[in-house]
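Student: In case you want the letters, here they are:
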Amino acid sequence: MAHGIISREDLREPISQTLKSLLDVIDFEAGGRVVPVDGFCWRSPGPGLGPQDTDGAGDGPDPCYPTHYFRNNEPRFEAIRDIVSALLSQIVLVSGDRTVEPDGFRLKDLNHWLVPGGDDPGAVLNSISWSCKIQCVFCYERGNPPEMNFPRHKTSQREIMTSVKYFDPERRMRLPIPSRYDNNEILTFPGVLDVIGALREKTAAPILNISTNATMLDEDFVRRLAGYRPVMLGISLNSADPRVRASIMKEKHPEIPLQSLPLLKKYEMPYAVSIVAWHTLPPGDLENTVAYADRFDPLQIRVCLPGHTRRFSSEKLFEVEDLWNGLIDAIASFRHKYDTPVIPMPYTYEAFRQNRISFASDVGGVIKHSPAWKAGIRTGDEIMSVNRTPIRCRRYLRSLMDRLMKENNKILWMNIRRHGKEEDKIIRFDRETFDYRYPYMPETRHFEMSYYGMILFDGFDPADAVKMRDAALALGARKVLVLTSWMIRPYLALALNHIDTGGVRFDPVIPENTYMGGNIAVGDLLTVKDFIHAIREYVRTRGKPDLAVVPSSPFSPWMRDLRNDHYSKIERATGVPLYLIDTPKLWS
Amino acid sequence: MAMDEKRKHPKDFIYRFRLDEEPGRALIEDAPAEMVRKQLEALLKVVVLTEGNRELKPDRFRFMNNPEKIFPIFDDADE
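Line order of the protein sequences matches chains A and B. Numbered per this note's numbering, the first sequence finishes at 595, counting up by one with no gaps. Numbered per this note's numbering, the second sequence finishes at 335, counting up by one with no gaps.
Be aware that one or more of the hints could be misleading.
[As the list claims (entries may be wrong)] Okay, derived cross-link-like pairs now, PhoX-like style, lysine-lysine, Cα gap no bigger than 20 Å in a straight line:
(1) K267/B <-> K209/A
(2) K140/A <-> K161/A
(3) K267/B <-> K115/A
(4) K172/A <-> K267/B
(5) K259/A <-> K140/A
(6) K381/A <-> K474/A
(7) K432/A <-> K381/A
(8) K576/A <-> K267/B
(9) K161/A <-> K267/B
(10) K172/A <-> K115/A
(11) K486/A <-> K474/A
(12) K161/A <-> K172/A
(13) K592/A <-> K551/A
(14) K576/A <-> K536/A
(15) K381/A <-> K344/A
(16) K536/A <-> K313/B
(17) K172/A <-> K209/A
(18) K27/A <-> K115/A
Hints in this document: simulated from the structure, not taken from any laboratory.
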């Protein structure tokens, strides 16, 4: 502690400037009403601003958000709150000839707060996914740490319509939405079709990936939703057996979701199916569900390999490796019988299980009737070259495909390897004249991971090993700790074996996920604290490294982890210089 | 405004926020200096300072008129 540092008068001008800049973007509120502020005076010595009465926050027309609801998507609201609170510890705001004690603030001009949001109009809808009428036994929300379970904020019709109004598809900008770690139903929101209709008036772009448990999808709803095509749904099917579905999803009428698949096909609505392969599914149920879904031509069937946190269950409900291995083996045994691509998620695990650790760019699946399908490309084909460009890894292939699709490239010469033999394939695709047949629709090309109908996964780029080496050499580091996950570690080792490390020693270490606990195996859910603990343990047992490499995937675009800790805290807490390497999220 | 007009052009939702956070632990006893620290901490959670192209990683500050006294910016005590 230090004191007697600076006089208040020295701070008058900076405080005045700060207040003016704040008043450019916010209005102060007291009791729900705007209070005009035109000056300030010094607060008398005594306690600073204490916690305010927050119940209802006055009589304002719209509900009052806690700023931390936006902490991942728009942390500047929290910064404003902290700056205002710091100011109010020293000053009292003045309005005319009286003092005012604000208990909140409101944004002045929503145009100031538009954030990059991509061109998917569906992203605007996320804020209305606040209710779910069923209770899946595996719902991860029940096992989330308390900081991730925000009280439900019931988005009003006015709020979502304001989000629609400010959504700017051309500039790919939208209003920020509250941070959410839960992902409930969009389609149960009252008036959701009006909202989708309003979005459709703004843009003809596909509304992608509306996840739903399909309890709403009776024929009337599907027919009306089809009126706003292109809309692409993600159906949480989980089981095609009504009794199994009723027991694992606690729903009363499984017949509606099960019948939604033929309806979606009838109304030519493209969709994907997801199955959480929970450990209590009866033997054979997974394949039966895949077989049922395949009859109605989904774009793909995702099989989610499950895990749970320690809060979900204090006892480990299953061994991840045993369960996941069994699921991968089962999928491999039946996948070839069905036209629909069956994709285990996280997809990295399949190669891991099958001991196929390489940078080969294999095709994860092919959407039926797509250009790639017509060209004879099939699941498992390894793409060796495209238009004579050799393919060195999955990420490179995806970026090349992205470019070719943007350039509207109409013909692709592909050299592939199938069962050890190389073959040439030609993909032809003219957007205007292509003979579209369900499920491959014009909008399907926007479907995530799909390129000309080929499902291509991201993966570790061996160039990342070169980046790490160059960063180490630039900093004069000889001993480098690389924090990674057990699914990425073998790829990292493979990449490091193929480069000249320039005398740099890389030590891969897998941090323990102490925040989530349980049997959570995905590195993207690590926290700043987990990284700090791992580095400290390394220092204790193997000495201080010159540099620590940390993946970017556990962090939000504002570089916060799940607990809202900024990644820079790792370096401050450990004293070890940090290099952040850009890594894709495994579930992306 | 006529009722139809109101329906067609409803007023925007007002984004309102509470100032309800418990005040954090004071790291500096001198209140004006602590106020500056809190503002710096808030800003450095959303901006990265750079010098030329180099990212800076400030973790302390001092007042220009008093080079001797250097203060921490972040409360990392929990780590």
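Student: Hint by hint, work out which the structure violates, then give me just those numbers in ascending order.
Tutor: 6, 8, 13
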